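Colleague: Model the placement of chain B on the given structure of chain A, informed by the hints.
Protein chains: 2
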Amino acid sequence: MKLEKGFIQVYTGNGKGKSTAAIGQAIRAAGHGLRTLIVQFMKEYPYGEVETLNKLSEFITIEQYCGDDFVLKKTLPPQSELDKVKKAFKRIESAFQHGEYDLVILDEICVSIYFKLVETSAVIELIQKKPEHIELIMTGRYCPQEIIEIADLVTEMKEVKHYYSEGVLARKGIES
Amino acid sequence: MKLEKGFIQVYTGNGKGKSTAAIGQAIRAAGHGLRTLIVQFMKEYPYGEVETLNKLSEFITIEQYCGDDFVLKKTLPPQSELDKVKKAFKRIESAFQHGEYDLVILDEICVSIYFKLVETSAVIELIQKKPEHIELIMTGRYCPQEIIEIADLVTEMKEVKHYYSEGVLARKGIES
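Protein chains in written order, with my numbering: chain A, 14 to 189; chain B, 14 to 189.
Here chain A stands alone, though its shape is the one from the complex (with noise of 0.2 Å):
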C-alpha cells in the first residue's frame, strides 16, 4: 500500500504525548504496510522506543543525529551539533528522493529550531522538498507559526495536570 497523499502534521504543546504519538502512528502505519524513517533530534542518549523499534526493522527505521548536553550547559550549540544537524537533513531529503519510506518523522524538530540548533527557514526549505506521497510528521514544543501555517494538522498537547509539578521525576520506560 501507498499513501495516495502525504500531509504535514505537528505535535506541538508543553503536554505529554508528542513524540510517543508520533511512534504510534508509525506503529499504526506498519500495520498497514507502510513504512517510516523516524529521525530523532537532542536524544543521542537511546530512548526505550529506541530497542523496541529496532524489532520492526522491516517497517521502522529510527536514528538519532544530534544532542542536547549544551542547552544543559546553557551555551549555543557547537559547531559539533550544527554539523550532526546538517547531516540529518542530508539523510531526510535523501529519504525523500528515494521513496522507500511513506512516513518521515522529524522528531523535537521543534525544540531544534528553539534551541538555535537549525533555522526555520531551512526547515522549510526541507518541507517544501516533500513529495506529494509522504507524510511528513514534525513533535516538539515551541512550533513557530510559519510551521503551524504551512501544516495540515496541528495538534496542541495541552499540559492541564502533570506530576512532574508535584516532584515526580522523569522515569524510565515512561518519559524515557
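Incorrect hints may appear among the rest.
[Stated by the list, open to error] The calculated EDC-like cross-link candidates involving lysine to aspartate or glutamate, where the alpha carbons are at most 20 Å apart (straight line), are: (1) B/K142 <-> B/E162; (2) B/K185 <-> A/E113; (3) B/K99 <-> B/D81; (4) B/K100 <-> B/E113; (5) A/K185 <-> B/E145; (6) A/K171 <-> B/E162; (7) A/K171 <-> B/D165; (8) A/K15 <-> B/E188; (9) B/K185 <-> B/D81; (10) B/K15 <-> A/E64; (11) A/K68 <-> B/E71; (12) A/K56 <-> A/E188; (13) B/K15 <-> A/E188; (14) A/K18 <-> B/E188; (15) B/K185 <-> A/E17; (16) A/K185 <-> B/D165; (17) B/K18 <-> A/E188; (18) B/K171 <-> A/E162; (19) B/K18 <-> A/E179; (20) A/K68 <-> B/E64; (21) B/K171 <-> A/D165; (22) A/K174 <-> B/E172; (23) B/K142 <-> B/E113; (24) B/K185 <-> A/E71; (25) A/K171 <-> B/E159; (26) A/K185 <-> B/E71; (27) B/K171 <-> A/E159; (28) B/K56 <-> B/D96; (29) A/K185 <-> B/E113; (30) B/K174 <-> A/E172; (31) A/K174 <-> B/D165; (32) B/K171 <-> A/E172; (33) B/K68 <-> A/E64.
[Claimed, not checked] Cβ-Cβ distance ranges computed for the label pairs, FRET-style: (34) A/E138 <-> B/E17: 42 to 50 Å; (35) B/V181 <-> A/N27: 25 to 33 Å; (36) A/E188 <-> B/E145: 15 to 23 Å; (37) A/E17 <-> B/K87: 29 to 37 Å.
[Stated by the list, open to error] Going by beta-carbon spacing under 10 Å, a handful of chain A positions derived as facing chain B: (38) L16; (39) G19; (40) G28.
Calculated from the structure, these hints are not laboratory results.
The model shown is predicted, which means the values in this text are computed figures rather than measured ones.
Glycine is no exception: its CB is placed at the ideal position from the N, C-alpha and C atoms.
Modeller: Chain B in isolation, oriented as in the chain A frame:
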C-alpha cells in the same frame, strides 16, 4: 525492571494523537522490558496498530472488546455491547490482580463513558483497584471531570488545525 510507582495518565481532547500516544508509550516501555496490556473499546474493526503490536507479543498484548455500530445508528448501546464491556472490565481487574503487566491502557474508555457503554462510577471503581506499581493510561474525548480529578497526568490534545475540516476522509495507515 518494574515501575516503582505507577501513575494514572489521561489523554483527552478533540485533537489527533490520543490513542497513538498511548501506543507509543507502550513501545517506549517495552524497550525497558515493561509489559503492557492494551484494552481497546469501540474499535472492533482492527486498526493498523493491532497487526504490528502482535509482533511484539512478548511485551504488548492488545485486545478489542466492543464495537461502535450503535453510534452510527444513533441508538443507546445494545445489551450485547454492554456485556462485552463487562467482560473487558473483568479482564482488566484480573490483570490488576495477577501482576503480569506494568502498564494497562484503556483505549477510548472516555468515549465509551460518553456513549453510555459504561458509567463513570464503574470506571472510578476500576481505577481504585489499580495496584501501586501499575501505570494506568486512559484515552478518548470527553473525559469526565471526576476522572480528571483523580488522574495524576492529564494531557488535552487540542485541535489547532485538522485536514478533516478540509474534507479529507480518514486514511488507512494514518487514522485507522
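Colleague: Would you mind marking each hint as holding or not holding in the structure?
Modeller: Hint check results:
1. At roughly 17 Å between alpha-carbon atoms, B/K142 and B/E162 fall within 20 Å of each other, so this suggested pair holds.
2. The suggested pairing of B/K185 with A/E113 holds, with an alpha-carbon distance near 18 Å, which does not exceed 20 Å.
3. Taking the CA atoms of B/K99 and B/D81, the gap is near 15 Å; set against the 20 Å cutoff, the hint holds.
4. Between B/K100 and B/E113 the alpha-carbon distance is near 19 Å, which keeps this suggested pair within the 20 Å criterion.
5. Taking the CA atoms of A/K185 and B/E145, the gap is near 17 Å; set against the 20 Å cutoff, the hint holds.
6. Between A/K171 and B/E162, the direct Cα distance comes to roughly 16 Å. Compliance with the 20 Å bound is thereby established for this hinted pair.
7. With a C-alpha separation of about 14 Å, the suggested pairing of A/K171 with B/D165 holds against the 20 Å cut-off.
8. Distance restraint check for A/K15 and B/E188: the Cα-Cα separation of roughly 14 Å lies within the 20 Å cut-off, and the hinted pair is therefore satisfied.
9. Note on B/K185 and B/D81: the hinted pairing holds, with a Cα-Cα distance of about 18 Å set against a maximum of 20 Å.
10. For the proposed pair B/K15 and A/E64, the alpha carbon gap of about 17 Å is at most 20 Å, so the pair holds.
11. A threshold of 20 Å between alpha carbons decides the hint, and for A/K68 with B/E71 the separation of about 12 Å falls inside it, so the pair holds.
12. Our distance criterion of 20 Å between C-alpha atoms is met by A/K56 and A/E188, whose separation comes to about 12 Å.
13. Straight-line distance between C-alpha atoms of B/K15 and A/E188 comes to about 14 Å, which keeps the hinted pair within the 20 Å bound.
14. With a C-alpha separation of about 13 Å, the suggested pair A/K18 and B/E188 falls inside the 20 Å cut-off, and the hint holds.
15. Between B/K185 and A/E17 the CA atoms are separated by roughly 10 Å; this keeps the pair inside 20 Å, and the hint holds.
16. In summary, the hint linking A/K185 to B/D165 is supported, as the alpha carbons are separated by about 17 Å, within the 20 Å threshold.
17. Proposed proximity of B/K18 and A/E188 is supported: the alpha carbons are some 13 Å apart, at most 20 Å.
18. With a C-alpha separation of about 16 Å, the suggested pair B/K171 and A/E162 falls inside the 20 Å cut-off, and the hint holds.
19. With a C-alpha separation of about 14 Å, the suggested pair B/K18 and A/E179 falls inside the 20 Å cut-off, and the hint holds.
20. A threshold of 20 Å between alpha carbons decides the hint, and for A/K68 with B/E64 the separation of about 14 Å falls inside it, so the pair holds.
21. Pair hint B/K171 plus A/D165 holds up; C-alpha atoms about 14 Å apart against a cutoff of 20 Å.
22. As the CA atoms of A/K174 and B/E172 are separated by approximately 18 Å, the hinted pair is consistent with the 20 Å bound.
23. A distance of roughly 15 Å separates the Cα atoms of B/K142 and B/E113; the hinted pair therefore holds under the 20 Å criterion.
24. A C-alpha spacing of about 19 Å is found between B/K185 and A/E71, which places the hinted pair at or below 20 Å, so the restraint holds.
25. Under the criterion of a C-alpha separation no larger than 20 Å, the hint pairing A/K171 with B/E159 is consistent with the structure, at around 19 Å.
26. This hinted pair checks out: A/K185 and B/E71 have alpha carbons roughly 19 Å apart, not beyond 20 Å.
27. At roughly 19 Å between alpha-carbon atoms, B/K171 and A/E159 fall within 20 Å of each other, so this suggested pair holds.
28. With a CA separation close to 15 Å, the supplied pair B/K56 and B/D96 stays within the 20 Å bound.
29. A hinted pair counts as satisfied when its Cα atoms are at most 20 Å apart, and A/K185 with B/E113 qualifies at roughly 18 Å.
30. The straight-line distance between the Cα atoms of B/K174 and A/E172 is roughly 18 Å, inside the 20 Å bound, and the hint therefore holds.
31. Our distance criterion of 20 Å between C-alpha atoms is met by A/K174 and B/D165, whose separation comes to about 7 Å.
32. The straight-line distance between the Cα atoms of B/K171 and A/E172 is roughly 10 Å, inside the 20 Å bound, and the hint therefore holds.
33. This hinted pair checks out: B/K68 and A/E64 have alpha carbons roughly 14 Å apart, not beyond 20 Å.
34. Between A/E138 and B/E17 the beta carbon distance is about 45 Å. The supplied range of 42 to 50 Å therefore holds.
35. For B/V181 and A/N27, the hinted distance range of 25 to 33 Å is satisfied, since their beta carbons lie about 28 Å from each other.
36. Distance hint check: the CB atoms of A/E188 and B/E145 are about 19 Å apart, consistent with the given range 15 to 23 Å.
37. A beta carbon spacing of about 31 Å between A/E17 and B/K87 agrees with the range 29 to 37 Å that was offered as a hint.
38. The interface hint given for A/L16 holds, since its Cβ lies 7 Å from the closest Cβ of chain B, which is under the 10 Å cut-off.
39. Interface hint at A/G19: satisfied, since its Cβ lies 9 Å from the closest Cβ of chain B, which is below the 10 Å cut-off.
40. Checking A/G28 against chain B: minimum C-beta separation of about 4 Å stays under 10 Å; hint holds.
Checked against the numbered hints given earlier, this structure breaks none of them.
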